[in-house]
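Put chain B on the given structure of chain A with help from the hints.
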Amino acid sequence: MERIPVLRMGSLLLVTIQVDMHDKLALQLQDDITQRISDFGSTGVLIDISSLEIVDSFIGRMLANIAAMSRVLGAEAVVVGMQPAVAITLVELGMSLPGVRTALSVEAGMELLMSAVAKAARGWEDDRPQT
Amino acid sequence: MNQLAEIISRNEDKIRAEWIDGMTRSVQRADLISKAELDEQCGALLGAIIAGVKSSAPTDVSAASWESARELLQSISASRARQGFSPVDVATFVLSLKQPLFASIRDTLKGSQDDEMFKTVWAATELLDRLALITTEAYMATREELITRQQQELLELSTPVVKLWDGILALPIIGTLDSSRTQMVMESLLQTVVATNSKYAIIDITGVPTVDTLVAQHLLKTITAARLMGAECIISGVRPQIAQTIVHLGINLEDVVTKAKLSDAFALALDRSGRTVTRKDGVRASANPISTLLEKREE
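Protein chains in written order, with my numbering: chain A, 1 to 131; chain B, 1 to 299.
Please note that the accuracy of each hint is not assured.
On the chain B side, residues computed to face chain A include the following (Cβ under 10 angstroms) [to be verified]:
| hint | residue |
| --- | --- |
| 1 | Q183 |
| 2 | L189 |
| 3 | Q191 |
| 4 | V194 |
| 5 | N197 |
| 6 | S198 |
| 7 | K199 |
| 8 | A225 |
| 9 | A226 |
| 10 | L228 |
| 11 | M229 |
| 12 | G230 |
| 13 | A231 |
| 14 | D255 |
It should be emphasised that the hints constitute simulated quantities derived from the structure, not laboratory data.
Here a beta-carbon is modelled for each residue, glycine too, at the ideal position from N, C-alpha and C.
Chain A on its own, in the form it takes in the complex (with noise of 0.2 angstroms):
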């Protein structure tokens, strides 16, 4: 069965979605995700969906699942490289994914999920009751 592959990048996962997502991969991708997280220990995840042309409710869907997956595992999530024609879709369908975090290129993916997981880090530092 075909999969998409998920990478480990450190403490980062790295995930490409090069092919037409259908419902039983998105799934599995959300299965691999997770299980990945738990895993490895991983503080961030970046999928990059600059592929993907088309979406549907479902997809939208796992989109957000994913990304409050994660930070239930502890993992902030970014998703980049959206292209216009499926931001649109989205939009038109009613899904504007309030809880994810969008980049324009992986690089700049990158970067906001390093400083989210320093953020993240910090933050739980700063809840700590003060000694």
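Just chain B, lined up with the frame of chain A:
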């Protein structure tokens, strides 16, 4: 041959002369059309009407025998619509034929039975009214065509996306935002965001006359789509009246950064992308209120 056709063809010259004369006195626009052209149009139309009246369907203007009269009227009113005649002028062109025609009918049928006269007058009225309707319809069609073409041209002209700085785009919107326009604006903005890899896009609505809930929704859609791609949008050029309207309508723009002036938005975009504007002589430019504020806070 019916009575009406006989009267018109026998008095053709007289009717035409009186018709042109009447029109010259009342509505003929000497500034828009020459006397010779008017004579020619009247003569041709009267000829076509006679041909139609003589046929088997004397008052049914949709019949095949009226084809030439219809085409002639359509081309006349189309050219007049383009020349700038008012609808009244164009309709009167046909309707002013009534008076000379009725005069001829009266002269011819003087002394005959009232019934005969009434029937002929009624046929003439019916005919001319229908011809006038054709004229008006053709006039409207031409105007409609003109408006559609202008709308299309406006749409194509009015959505420029300009690059203000490396990574900062501006999109000045002029005119009302409707669905088709928003679609175009959204597409050109998003394409340019990808092409220039720009993180910030300033949507300037100084030229948008009114903002209602629909326009706001269109704007929010564009902003959300840009955000999904990883670009941030700033709305600028919000006039005081528009700010009041937005609040009165209860439109939620809280998730969107809005600024009164394009320069403020540009300053914010520069600031967010980690740039500052300094003057050559080393004095920090006070034109950037945000960095000034930030500095004060740091102190």
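Do the hints match the structure? See the list:
Hint on Q183/B holds. Least Cβ distance to chain A is approximately 8 angstroms, under the 10 angstroms limit. A cut of 10 angstroms between beta carbons decides the hint on L189/B: the least distance to chain A is about 9 angstroms, and the hint holds. With its C-beta approaching chain A no nearer than about 6 angstroms, Q191/B sits inside the 10 angstroms limit, and its interface hint holds. Among the interface hints, the one on V194/B holds; its C-beta lies about 6 angstroms from the nearest C-beta in chain A, closer than the 10 angstroms criterion.
With a cut of 10 angstroms, the hint placing N197/B at the interface with chain A holds, because the nearest CB-to-CB distance is about 6 angstroms. About 8 angstroms separates the beta-carbon of S198/B from the nearest beta-carbon of chain A, less than 10 angstroms, and the hint is met. With a cut of 10 angstroms, the hint placing K199/B at the interface with chain A holds, because the nearest CB-to-CB distance is about 6 angstroms. The criterion of a C-beta within 10 angstroms of any C-beta in chain A is met by A225/B, whose closest approach is roughly 4 angstroms, and the hint holds.
Checking A226/B against chain A: minimum C-beta separation of about 7 angstroms stays under 10 angstroms; hint holds. For L228/B, the interface hint holds, since its Cβ comes within 10 angstroms of a Cβ in chain A; the closest pair sits about 4 angstroms apart. Nearest Cβ of chain A to the Cβ of M229/B: about 5 angstroms, under the 10 angstroms cut. The hint holds. A least Cβ separation of about 4 angstroms between G230/B and chain A falls short of the 10 angstroms threshold, and the interface hint therefore holds.
Of the supplied interface hints, the one on A231/B holds, with its beta-carbon coming within about 6 angstroms of a beta-carbon of chain A, less than 10 angstroms. The closest approach between the C-beta of D255/B and any C-beta of chain A is roughly 9 angstroms, which is under the 10 angstroms cut-off, so the hint is satisfied.
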